[in-house]
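Undergrad: Sequence:
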Amino acid sequence: MKYKVIFLLCVWCVYSTSGINILDSAKNLIHGGSDFVKDSMNNVFSFDSPPKRTPIPEFIKEAGYESESHYVTTPDGYILNMHRIPHGNTNKTKKNIPVYLQHGLLCSSADWVILGPNKSLSFLLADEGYDVWLGNVRGNTYSRNHTTLNPDKDADAFWDFSWNEIGIYDIPTMIDYILKTTGKSQVFHVGHSQGTTSFYVMTSEKPEYNRKVKAHISLAPVAFMQHLVSPLVRALAYGNLPFGNQQTFIGKNEFFPSTAFLVLLNDAICGVGVGAVYCKISIFALAGFSPNEMDAKDTAVIYAHYPAGAATRQILHYTQEVVSGHFRKYDFGKIKNKKLYNGSEVPPDYNLFNVKAPVHLIYSSNDWLAHETDVENLYQHLKSVREKFWVPIPTWNHMDYLFGKDAPKLIYEKIMSILNKYED
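According to mature numbering (1 follows the signal peptide of the UniProt record, and there is no 0), the residues represented by the sequence shown are -19 to -1, 1 to 405, in order.
Rather than coming from a laboratory, the hints here were simulated on the basis of the structure.
Be a bit skeptical, because a hint or two may be false.
Cβ-Cβ distance ranges computed for the label pairs, FRET-style [stated by the list, open to error]:
1. 361 - 165: 31 to 39 Å
2. 398 - 314: 40 to 48 Å
3. 370 - 323: 37 to 45 Å
4. 313 - 129: 20 to 28 Å
Cβ atoms here follow ideal geometry from the backbone N, Cα and C, with glycine treated the same way.
Go ahead and model the full structure; you've got the sequences and the hints to work with.
TA: Written as structure tokens, this is what we have:
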């Protein structure tokens, strides 16, 4: 029961700190979100058993596709678990370049899979003839391993990273493994949210990897964040919290470290009845209000795999970007910064001029985490953008790229069109 109270309090905090009027939101639900209201009312008195958290390799097999699990080790010792769908269930001619899909913050390879064939991007790409690789970065459900460190017993050391280290170590390691395994010289890289951030870190800091990427597609690109709308993230960034401090809210080392909590969150709150409605609203509060894109019945499936784990510093690094308005390295404070950054009291910006791989930006107007003004700022800093595509649905939010009803037709067909042009 206490977790229900905590969860509802978090939702309340999001709305109360955002300046969003609850009555206005209710009006939006009634007038602009008829499908949401209908689905929600159907779910209020639904008490079906919540879905289980099926491991992704098993999920892929159950969907009727060949599934592989691969382990790679980064130079600093993190053991990452990659998932692969080597081909689809059609007679489409096999494509030459493998596709590497990289998830966002608090997410996993599940993002690209859990809505199943004909709806999730990984299956659609496989059926199009692509060899599909799904990354999992350090610290998430599938990559919570290290050659010498235990994530629980050695928490201070294991969780001492942000998306800076993910971009410098994890992404290059997974790209190299894909190329070695397939015998190819390049990959297509598709990132969502933090999956785009880590790509820009990699290509800024290790520009030699530009030649290993045939093209990069940014879904909800996140680099500059000064205009971010999400009230919860802004509250964390500026310390405008109803009680406690940042550490009280997100922990010291691992964000949401308790597996028991995650299971309870899904089973007791999101999986059945009216709880699924609250969970759907919580996604809106974080990512943007988009009532007609997410099926209410999918909410429990999503929360069975989310959040998938992350280091507190990943979140804090983003809050620093909100305040600074820069796309730059982690701010450890003046004293440590001077030791790490050649005497500078402030962290250096990432050199986006080093990004040479072809980039395609896909963004929307209702994304509370990747504001279109910040995307435009990123566009102005990049010299290799081939296309900037605005999603023509005014309510399209940060998570609709993964779970929106219109994603297969609107976003995934666009992605395949881009990839096929490079294949020809």
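Undergrad: In this structure, is the beta-carbon distance linking residue 313 and residue 129 contained in 20 to 28 Å?
TA: About 23 Å separates the Cβ atoms of residue 313 and residue 129, which means 20 to 28 Å holds.
Undergrad: Assuming the hint says 37 to 45 Å, is it satisfied by the Cβ distance from residue 370 to residue 323 or not?
TA: 38 Å, holds
Undergrad: Using the beta carbons of residue 361 and residue 165, state whether their distance is inside 31 to 39 Å or not.
TA: 32 Å, holds
Undergrad: Between the beta carbons of residue 398 and residue 314, is the distance compatible with 40 to 48 Å?
TA: 46 Å, holds
Checked against the numbered hints listed earlier, the structure breaks none of them; every hint is satisfied.
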